[in-house]
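Respectively, the protein sequence lines represent chains A and B.
For the first sequence, numbering that gives the first Met the number 0 gives the first residue as 0, with consecutive numbering after it.
For the second sequence, numbering that gives the first Met the number 0 gives the first residue as 0, with consecutive numbering after it.
Treat the hints with care, as some may be off.
Stated by the list, open to error - Derived contacts from chain A toward chain B, CB cut-off under 7 Å, selection only:
| # | residue |
| --- | --- |
| 1 | Met112 |
| 2 | Ser117 |
| 3 | Pro192 |
| 4 | Phe298 |
| 5 | Asp325 |
In case anyone wonders, no lab produced these hints; they're calculated from the structure.
Since we're looking at a predicted model, the values are computed, not measured.
Virtual Cβ for every residue (Gly too), placed ideally from N, Cα, C.
Number of protein chains: 2
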Amino acid sequence: MKLATLRDGTRDGQLAVVARDLKTAALADGIAPTLQRALDDWSFIAPQLEQLATELNGGRARHSFEFEPKNCMAPLPRAFQWADGSAYVNHVELVRRARNADMPESFWHEPLMYQGGSDDFIGPTGDILLGSEQWGIDFEGEVAAVTGDVGMGADAEEAAQQIRLLMLVNDVSLRHLIPAELAKGFGFLQSKPATAFSPVALTPDELGAAWQDGKVQLPLRATWNGVLVGQPHAGTDMVFSFPQLIVHLAKTRNVRAGSIIGSGTVSNKDASRGYTCIAEKRCLETIADGAPKTPFMQFGDTIKLEMLDAGGKSLFGAIEQTVVQDAKAAKAAQAH
Amino acid sequence: MKLATLRDGTRDGQLAVVARDLKTAALADGIAPTLQRALDDWSFIAPQLEQLATELNGGRARHSFEFEPKNCMAPLPRAFQWADGSAYVNHVELVRRARNADMPESFWHEPLMYQGGSDDFIGPTGDILLGSEQWGIDFEGEVAAVTGDVGMGADAEEAAQQIRLLMLVNDVSLRHLIPAELAKGFGFLQSKPATAFSPVALTPDELGAAWQDGKVQLPLRATWNGVLVGQPHAGTDMVFSFPQLIVHLAKTRNVRAGSIIGSGTVSNKDASRGYTCIAEKRCLETIADGAPKTPFMQFGDTIKLEMLDAGGKSLFGAIEQTVVQDAKAAKAAQAH
Numbered sequence: 000m001k002l003a004t005l006r007d008g009t010r011d012g013q014l015a016v017v018a019r020d021l022k023t024a025a026l027a028d029g030i031a032p033t034l035q036r037a038l039d040d041w042s043f044i045a046p047q048l049e050q051l052a053t054e055l056n057g058g059r060a061r062h063s064f065e066f067e068p069k070n071c072m073a074p075l076p077r078a079f080q081w082a083d084g085s086a087y088v089n090h091v092e093l094v095r096r097a098r099n100a101d102m103p104e105s106f107w108h109e110p111l112m113y114q115g116g117s118d119d120f121i122g123p124t125g126d127i128l129l130g131s132e133q134w135g136i137d138f139e140g141e142v143a144a145v146t147g148d149v150g151m152g153a154d155a156e157e158a159a160q161q162i163r164l165l166m167l168v169n170d171v172s173l174r175h176l177i178p179a180e181l182a183k184g185f186g187f188l189q190s191k192p193a194t195a196f197s198p199v200a201l202t203p204d205e206l207g208a209a210w211q212d213g214k215v216q217l218p219l220r221a222t223w224n225g226v227l228v229g230q231p232h233a234g235t236d237m238v239f240s241f242p243q244l245i246v247h248l249a250k251t252r253n254v255r256a257g258s259i260i261g262s263g264t265v266s267n268k269d270a271s272r273g274y275t276c277i278a279e280k281r282c283l284e285t286i287a288d289g290a291p292k293t294p295f296m297q298f299g300d301t302i303k304l305e306m307l308d309a310g311g312k313s314l315f316g317a318i319e320q321t322v323v324q325d326a327k328a329a330k331a332a333q334a335h
Numbered sequence: 000m001k002l003a004t005l006r007d008g009t010r011d012g013q014l015a016v017v018a019r020d021l022k023t024a025a026l027a028d029g030i031a032p033t034l035q036r037a038l039d040d041w042s043f044i045a046p047q048l049e050q051l052a053t054e055l056n057g058g059r060a061r062h063s064f065e066f067e068p069k070n071c072m073a074p075l076p077r078a079f080q081w082a083d084g085s086a087y088v089n090h091v092e093l094v095r096r097a098r099n100a101d102m103p104e105s106f107w108h109e110p111l112m113y114q115g116g117s118d119d120f121i122g123p124t125g126d127i128l129l130g131s132e133q134w135g136i137d138f139e140g141e142v143a144a145v146t147g148d149v150g151m152g153a154d155a156e157e158a159a160q161q162i163r164l165l166m167l168v169n170d171v172s173l174r175h176l177i178p179a180e181l182a183k184g185f186g187f188l189q190s191k192p193a194t195a196f197s198p199v200a201l202t203p204d205e206l207g208a209a210w211q212d213g214k215v216q217l218p219l220r221a222t223w224n225g226v227l228v229g230q231p232h233a234g235t236d237m238v239f240s241f242p243q244l245i246v247h248l249a250k251t252r253n254v255r256a257g258s259i260i261g262s263g264t265v266s267n268k269d270a271s272r273g274y275t276c277i278a279e280k281r282c283l284e285t286i287a288d289g290a291p292k293t294p295f296m297q298f299g300d301t302i303k304l305e306m307l308d309a310g311g312k313s314l315f316g317a318i319e320q321t322v323v324q325d326a327k328a329a330k331a332a333q334a335h
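Bound-form chain A, shown alone (with noise of 0.2 Å):
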């Protein structure tokens, strides 16, 4: 099934089943009010959303309506975890060939990963409100699992067992605030602003025979200003699987019900496929011409990111997202 949270002036909004085709949905008011509260009991809930879902596939639900991407929150407009690994591991030596660093060859085999901000999520259609060009605006297309409850200690089978639900992610970056801050050593704070997701988030069975090993077998499309500029497939050179990152997150906590684990940029070997973030593009060029050339995002530029099915029909809407300047952070900008 398809699940998406609508505006409803609340912070965690109003539980929503999507049609397949993401024409039309249903409010899941008689079953839970929000998202959160359904994973929070999800083997008593998700059947009843699950037979809501099939009504409205059949075209029989009493009170379906249009479904319209602009009336979305993220799934979870706020969550207790957003874990985002970088399993993509060619991503990372790309970054690090393009600063001619050696990549530690342990990066091949336990997965990096970085605990984000999740209180304040922005919906598919949001704008990235940000103060300053300066930050090095980036996008970074992704896909994420959301879990059921996992204890501490857990192997990838009874990960694989908690995956709920998949969503995509635009992790937007701070490029320019990036290289400091990892200095630190503490990680990723200033230089990761809110995530926006997708309108819906699925069920894993949602994508049959492209929901296989842990992985999503599809091409994550990116389109920058109206131009496509990366089709990477997602489930190619994805080094450790969803079940692998959770277990990784998990070896010393519990990982509790609606956690959001992340698969860091989607990027694959044959830079053919194009990219789903800038700076990959620009250590591309690094490494080709000695410096980049493409610049980051500006202020109005668009950014869409999307995956269809072998069919060519859109499996969890788009992100579309424009970024626009914040007046308050852009004076304390100034001001630091």
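Model the placement of chain B on the given structure of chain A, informed by the hints.
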């Protein structure tokens, strides 16, 4: 007022108002079911909670009962954000000095801060469940602020106005996992397992004159295996106040209601005040004798963190935890 969350079988527990002397409590179920809900709508909810607190403190609350910290979850059993600073720069400098590394001068002007996991907090008397003593188990005594909504680019004055509550923290750390994680640059993940909080969260006015300049002007007491090992003053040597820490976090994004901002390990330059984490003691030993001699925590060890008012009465109640081996995590730790 003082607030606590009582265990009731749900993930978020039940909000209660606690008397100033920590002897009695009253359920706030007629006002707000959970602390997060109160924080989501604070200006409307807080006055009602204050009124109940006044009745309770005056012995006039209708259904009061004995307050028992053992029945407490963390005030926020799960939160949408946990961002922990390192405001006691003395601690950071000691750690660096012990390994013959200079501390960048910028650390005195810009806070170190990491994003922590917030999906599974431990109550004040909950066991510290971990897989292996080889991980280098340590406690870290801290103070934390809980915020309302703080807009991106907020200044210190706005941030100060949004400090709703204060709590004590045991930011459990796995010292032997930290070096490899920090070397990756992506920050703490496995090295920061679940965090524990004091029984009570209190509004800053409960501290009277001890809440000054955005800092708690009282000693934090750490008792390890029954021995008082530290009582550093939380208002001394705190280089960044809570408002300053919040400003740092809010530079590139909104900080939403219920975010928890930590002070970092409380530490004084005056070493006679002792320590609130073992790592600091080991650093002092290394600087003095070339090697640490105090071991990290063993299974069965206990840690108590508490803050007393001028009259010697506990303000937040005590964090009192025992380190216990988790069988499943132990098995997984051996398998890796």
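For each hint, the structure was consulted:
{"no.": "1", "hint": "Met112", "in the structure": "holds (5 Å)"}
{"no.": "2", "hint": "Ser117", "in the structure": "holds (6 Å)"}
{"no.": "3", "hint": "Pro192", "in the structure": "holds (4 Å)"}
{"no.": "4", "hint": "Phe298", "in the structure": "violated (15 Å)"}
{"no.": "5", "hint": "Asp325", "in the structure": "holds (6 Å)"}
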